[in-house]
Amino acid sequence: MKKIMVGNHAVSWGVMLSRAEVVSAYPITPQTSIVEELSVLCADGKLKANFIPVESEHSAMACVIGAAAAGVRTFTATSSQGLALMHEMLHWASGSRLPIVMANVNRALGAPFNIWGEQSDSLSQRDTGWIQIYCESNQEVLDTVIQAFKIAEKVLLPVMVVLDAFVLSHTAEPVDIPDAHIVDQFLPAFKPEFKLDPQNPRSFACFLTPDFFMEFRYKMQRAMLESEAVCKEVDGQFGEIFGRGYGLVEAYRCEGADVVLMTAGAVTSTARVAVDALREKGRKVGLLKLRLFRPFPKEDILEVIRKVEKVAVLDRNLSLGLGGMFAHELRAALCNEKVRPRIYNYITGLGGRDTTLQILNDVVYQTYEQPEPPEQSIWVGMRG
Amino acid sequence: MAEQIILRTEKDMPYQPISLGSMEWNRTGTWRYLRPRFDNKISPCNESCPAGQDIEGAMVLIGQGKVLEAWDLFQEESPFPGVCGRVCYHPCESSCNRGEFDEAVSINALERFMADMAFKHGRRVTVKKEKKKEKVAVIGSGPAGMTCAYHLARMGYGVTVFEALPVLGGMLRVGIPEYRLPKKILEGEIDRILELGVTTEVNTRFGESLQQKDLKEYAAVFFALGNHVSKKLGVSGEDEDWAMSGVEFLRKVSLGKEVPLGKKMVIIGGGNTALDAARTALRLGAKPSILYRRTREEMPAFPAEIQEAEEEGIEISFLVSPVRLLVERGQKKLECVKNRLGPPDEDGRRRPVEVKGSNYFIEVDQVLTAIGEDADLATLPKKLGVQDSIIPTDERGATKLEGTFAGGDIIHQPHTVVHAIGSGKRAAIFIDCFLRKQKWEGVFDSIRLGERGNLSMRRYLTEEKERPPLSPKTVLLKDLNIDYFEHKKRKKTSRLPMGKRQGTFEEVNLGFPEETAVAEAQRCFNCGVCNLCDNCYIFCPDVAIRKENGNNVIDYDHCKGCGICVEECPRDAMVMEEEGR
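Going down the list, the sequences are from chains A and B.
Under this note's numbering, the first residue of the first sequence carries the number 75, and numbering increases by one thereafter.
Under this note's numbering, the first residue of the second sequence carries the number 33, and numbering increases by one thereafter.
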């Protein structure tokens with residue numbers, strides 16, 4: 075069944091199809107309509123979940139941590155300052171190895187106060203032990219939510235599904251809604267090995283001395299690294315069943331390319347148009363869409379860009395004093411490779427500013443023109 | 033301690049930071065230094081009911097739709113919910129914590145509702161006790177006497193009730209008019225008492241056809257003669273044949289006798305008798321008006337009565353006293369004088385002071401006097417020490433004469449139906465103690481409901497070891513966690529249309545329909561009493577509230593004493609205490 079829906083409702087419907095049992099969330103623009111739609115689905119009995127309203131994002135995360143520890147499938151959603159407020163609890167979720175799924179609608183962090191799209195909120199949570207997947211379309215949003223539960227429950231790490239403020243969250247497009255019973259086959263009920271049970275009491279997220287702490291971190295690190303293969307496997311299965319697969323990265327018209335644009339999120343769809351136009355003009359330009367950010371799918375990326383001369387990384391985010399975070403990750407991943415492209419970093423679209431076709435063209439031409447990447451990131455689409 | 037699990041390498045460790053073994057051994061309750069406890073207390077309605085009713089308990093049951101069970105609960109304390117549900121001045125509602133929050137729960141109307149439902153379903157009173165050999169005499173069949181007889185019969189005693197009038201019920205029968213208390217309701221409740229084996233002898237006035245010596249076969253006696261003699265105005269002309277006392281007028285109407293009416297009728301007095309007489313006269317076709325010597329604020333009649341009388345068109349003149357009754361040129365007249373309010377008298381109400389020279393005359397056909405009633409106790413044994421129409425009694429209701437108790441309007445207590453019922457019940461309890469030769473001094477502590485001396489028959493009849501603990505504290509609004517309560521308007525009962533109130537004695541108050549009653553009962557806060565709202569169960573962060581046999585119990589092995597349950601209890605039914613170590 076196809077439905078016209080905004081990205082936020084695609085999240086909610088993905089959660090409904092995944093049969094989450096506890097949903098707890100606190101509203102924040104531009105996430106609010108995810109929560110609204112979920113509360114409606116719960117009230118209508120379409121989603122048989124306990125919907126727990128809370129007084130803050132910190133509590134929302136604490137709430138789903140408790141519920142997940144009790145052995146149920148849990149979901150929450152937030153954005154920007156809300157995600158920042160959750161920060162402490164993000165560590166408790168991953169450290170407890172609880173398969174929580176959260177949608178984060180990318181929004182700039184204040185100050186200055188701003189409600190529009192920017193990836194700095196989710197990327198700032200890079201080190202919290204959460205798997206992060208960035209989506210390009212509303213269809214991908216819905217599909218990724220379903221995949222996320224399967225991944226999370228397999229590797230016992232929480233998963234963050236990331237979508238752009240307004241460009242996805244509040245923009246409607248056709249979304250194919252998979253049949254619930256087929257989703258049930260793809261994603262069976264969550265049956266954890268351990269759960270909070272008064273009849274069989276165990277200590278969860280227990281106290282550990284220096285004698286044991288490192289080993290648990292080691293296991294987490296291994297789980298995070300192994301989750302890359304799980305993400306790929308789950309996406310593959312999903313593709314087989316539903317006819318839509320996304321990969322960890324996607325190479326678009328990268329054959330023989332000398333410059334490859336690297337994007338994450340909704341700007342990818344604009345980049346596809348830009349690349350098509352440039353190819354028309356005879357430019358050997360390709361596009362690499364990064365879908366999985368954490369763990370960082372280095373091999374899949376290398377497969378696309380190893381022999382490319384230049385990669386222009388589009389960062390709709392900023393690590394102050396460093397530059398774009400995607401570019402930084404890519405440089406770090408490639409630094410020990412003998413053959414590797416030069417990395418050009420472009421900062422664009424902060425605080426919801428549009429990344430237009432013109433800007434993308436500029437990025438490509440600047441990359442062609444400069445033989446070596448400058449020391450600092452290049453800011454494009456600035457006033458004046 | 034559980035068996036130790038050795039973790040040598042990373043591979044021995046679980047992927048999640050959890051204990052591999054059970055934590056059953058870890059009794060986290062040992063961390064506690066404060067201890068929560070379920071602690072039922074006294075709700076203010078229960079404390080203020082002179083009949084000692086478990087009102088709070090009945091509200092829970094009605095709220096669950098268990099109306100007949102609620103009636104059963106009320107029957108434990110009084111045989112007259114149908115009566116009280118109509119004529120009680122309901123001090124329970126005045127003390128209802130909801131009254132301070134929004135509006136008091138409509139307890140009186142709910143009592144009537146459950147009584148009506150009990151009639152409709154033919155509900156009967158159950159007696160569990162075996163018959164006892166002792167017999168008790170009850171003198172007077174009013175609310176005090178019949179309540180005493182009822183409880184004694186339920187305890188197994190043989191009871192005979194002696195009544196001076198030809199009908200049973202005392203003032204309930206001959207004092208309160210039909211439109212407030214239909215005869216079939218009163219008779220229905222009296223019939224239930226008689227079904228318990230209580231025998232009665234009507235037309236048997238003490239001191240006339242019944243003498244003290246006739247009572248020898250009875251192991252105990254309860255005097256409850258009631259106040260049936262109207263006080264005198266003390267003005268000239270009051271013995272004219274066109275003047276009559278209000279109680280006599282009401283008694284005659286009740287017994288179906290002829291009464292002199294006259295078109296223009298003046299009733300003197302501001303109590304319920306005055307109002308009842310006026311409203312009765314109105315229904316018989318007279319045009320009554322009321323004279324009262326003070327102002328509306330000082331009127332002893334129930335406010336609802338006054339309001340209904342005025343709605344029916346009965347005029348009440350305030351600050352007027354009668355001076356004399358006279359006939360001038362064949363016209364009956366009442367000379368009156370105007371008053372102003374002076375300083376308060378001994379009962380705290382401002383005393384009326386005559387305004388000199390303000391005398392005036394009103395033309396009348398009939399005058400009724402209703403300025404208060406006394407008992408006729410002249411024929412009672414001297415040893416009782418009767419003073420000012422009152423028999424002195426101790427805290428049990430026992431008189432100076434061994435084995436003789438008294439209650440109702442002839443002992444020192446407010447003259448209300450519900451106080452009469454309370455005194456009858458109290459007498460039954462202590463007659464039982466007397467006959468069983470039990471010490472009575474300690475009884476009060478285990479059956480008292482709060483500070484006002486009201487007693488619980490249910491607790492009295494429950495074996496001591498099975499009596500649920502009851503804290504002596506009465507719960508007030510400040511003790512409740514009112515965040516959990518919504519403001520909800522009090523439900524009103526419907527009234528007989530004005531056009532139907534003249535010429536008939538149809539009941540004015542029409543009561544509640546069932547849905548309204550259930551919703552109204554659900555307004556009850558259940559002050560001080562656990563109603564299994566489960567807030568403690570939901571909020572306990574240690575899963576230390578457990579369900580056992582339909583009750584919530586605290587698992588002290590794991591309760592850390594955080595006190596959240598006590599804090600979140602909406603109704604002060606829990607208490608936090610220092611842990612004894």
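Any given hint might turn out to be false.
Cut-off 30 Å, straight-line C-alpha distance, at most; resulting in silico cross-link-like pairs (DSSO-like, lysine-lysine) [unchecked claim]:
| hint | chain 1 | residue 1 | chain 2 | residue 2 |
| --- | --- | --- | --- | --- |
| 1 | A | 120 | A | 77 |
| 2 | B | 579 | A | 122 |
| 3 | B | 524 | A | 269 |
| 4 | B | 43 | A | 293 |
| 5 | A | 269 | B | 215 |
Just so you know, the hints here were simulated from the structure itself, not pulled from any lab data.
What you are looking at is a predicted structure, and each value in this text was computed from that prediction instead of being measured.
Against the structure shown, which of the earlier numbered hints fail to hold, in ascending order? Violated: hints 3 and 5.
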